[in-house]
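Here's the letter readout for the chains.
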Amino acid sequence: GAVVSQHPSRVICKSGTSVKIECRSLDFQATTMFWYRQFPKQSLMLMATSNEGSKATYEQGVEKDKFLINHASLTLSTLTVTSAHPEDSSFYICSVRQGLSQPQHFGDGTRLSIL
Amino acid sequence: RKEVEQDPGPFNVPEGATVAFNCTYSNSASQSFFWYRQDCRKEPKLLMSVYSSGNEDGRFTAQLNRASQYISLLIRDSKLSDSATYLCVVTQSSNDYKLSFGAGTTVTVRA
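Residue numbers (my numbering), protein chains in the order written: chain A, 13 to 127; chain B, 387 to 497.
A hint or two may mislead.
Below 30 Å or equal to it, Euclidean Cα-Cα: the simulated DSBU-like pairs (lysine-lysine) are [what the hints assert, rightly or not]:
hint, chain 1, residue 1, chain 2, residue 2
1, B, 428, A, 78
2, B, 465, A, 76
3, A, 26, B, 428
4, B, 484, A, 67
5, A, 26, A, 53
6, A, 67, B, 431
7, A, 78, A, 32
8, A, 32, B, 484
9, A, 78, B, 465
10, A, 53, B, 388
11, A, 53, B, 428
12, A, 26, B, 388
13, B, 465, A, 67
Rather than coming from a laboratory, the hints here were simulated on the basis of the structure. Note that the coordinates shown come from a computational prediction; the quantities given were computed from them, not determined experimentally.
Bound conformation, chain B alone (with noise of 0.2 Å):
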């Protein structure tokens, strides 16, 4: 089983909507959390950490499910450049730094 699984998509949708993903990770003993927003041929930049409690950021908000081990993210009134791919980022453990990528959820939006 991989430590974090995302469905790739696409998600296609139309300007405006709302759209929204879940990322499943396999260890329970993971401490911190992200999503990072990657572009065609770019780097993954952070979009947000995702807290305990949930968070919101604009547009974005993120929810944790630790007894589901999973996290989700928001988009609302989506925009055309939030076409990307979205990357679910975990760490391995409690005290480790290192970090374990699901392969992306593709979302495009359209005029």
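Excised from the complex, chain A in its bound form (with noise of 0.2 Å):
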């Protein structure tokens, strides 16, 4: 079964638009999630790193206060794309861990679309 819950699957809205993406972790309790994000026929690449109870950690080159993420319990993240444009478009990820080197289990990803 399904290890990671992501919703909503597809978003496509306006330019200007915030857009809220929920990543749960169904089967443990996930002190650490991560957020993805993959453009089309490129790896995926790490966004930040989702740590419940306190402030996410960015990758270089992210923008903290466009991709606001909180981390509020021990099972949902979420991501928040503020004021979206066109090349915010992309396939958004999330995943968990259930421990050092282990693999991680994505959530089914979000394709947003900006007009």
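Using the hints, put the two chains back together into the complex; each one sits in its own frame.
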């Protein structure tokens, strides 16, 4: 069964809209969750690491004020793309990991299209 | 240099054929290695972890060569359902949970 639930799976909205994506760990409590972005024909790029009860850790080049991450509980992390623009259109995927050196399990992904 | 590099392919093979491809990684301190499978417009799904001694899971065999810093995946008796993009995934260091992804190798199995 699914380990991670991500919602919504598809979003189409106008430029300037803020979009919230939810990621839930279904099988275990996750103090850490990961947010990735994937552009067509490219590899997944880690955007940020979501830490339960504290601030997210952002990768170089990722604007923390644009991509707001909230990890309020051990099973839920949210990514909000604020004032989205067409260049933010991408496939956003979250993941969880059960322990060090363990594989990560991915949510279904959210395909975001900004018109 | 990219942290993880893969031949993008595509590898077009007939059903029943064997197909193999490699992935190279740049960080010699990497400790964990995985192959994921990603279907078109879907999330990656874990295919198998790669262990130092090499390991097999059904028709899939993974090998790790630390000296040359590459891992390989071999698919025997290819099925149409094996058509996908295979992602090579490596942890960035021994104590870090961060993963580095290759851009993927596309395999197409034809009838």
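The hints, checked one at a time:
1. B:428 / A:78: Distance ~25 Å between residue 428 of chain B and residue 78 of chain A Cα, so the pair holds.
2. B:465 / A:76: Measuring from Cα to Cα gives roughly 44 Å; hence the hint is violated.
3. A:26 / B:428: holds, 24 Å
4. B:484 / A:67: Judged against 30 Å, a Cα distance of about 17 Å means the pair holds.
5. A:26 / A:53: Within the cut-off at roughly 24 Å; holds.
6. A:67 / B:431: Judged against 30 Å, a Cα distance of about 28 Å means the pair holds.
7. A:78 / A:32: With Cα atoms ~12 Å apart, residue 78 of chain A and residue 32 of chain A stay inside 30 Å; holds.
8. A:32 / B:484: Status holds; Cα separation ~24 Å.
9. A:78 / B:465: violated, 43 Å
10. A:53 / B:388: Measuring from Cα to Cα gives roughly 15 Å; hence the hint holds.
11. A:53 / B:428: holds, 12 Å
12. A:26 / B:388: Not OK: residue 26 of chain A and residue 388 of chain B at ~35 Å, beyond 30 Å, violated.
13. B:465 / A:67: violated, 45 Å
Of the numbered hints given earlier, the model fails hints 2, 9, 12 and 13; all others are met.
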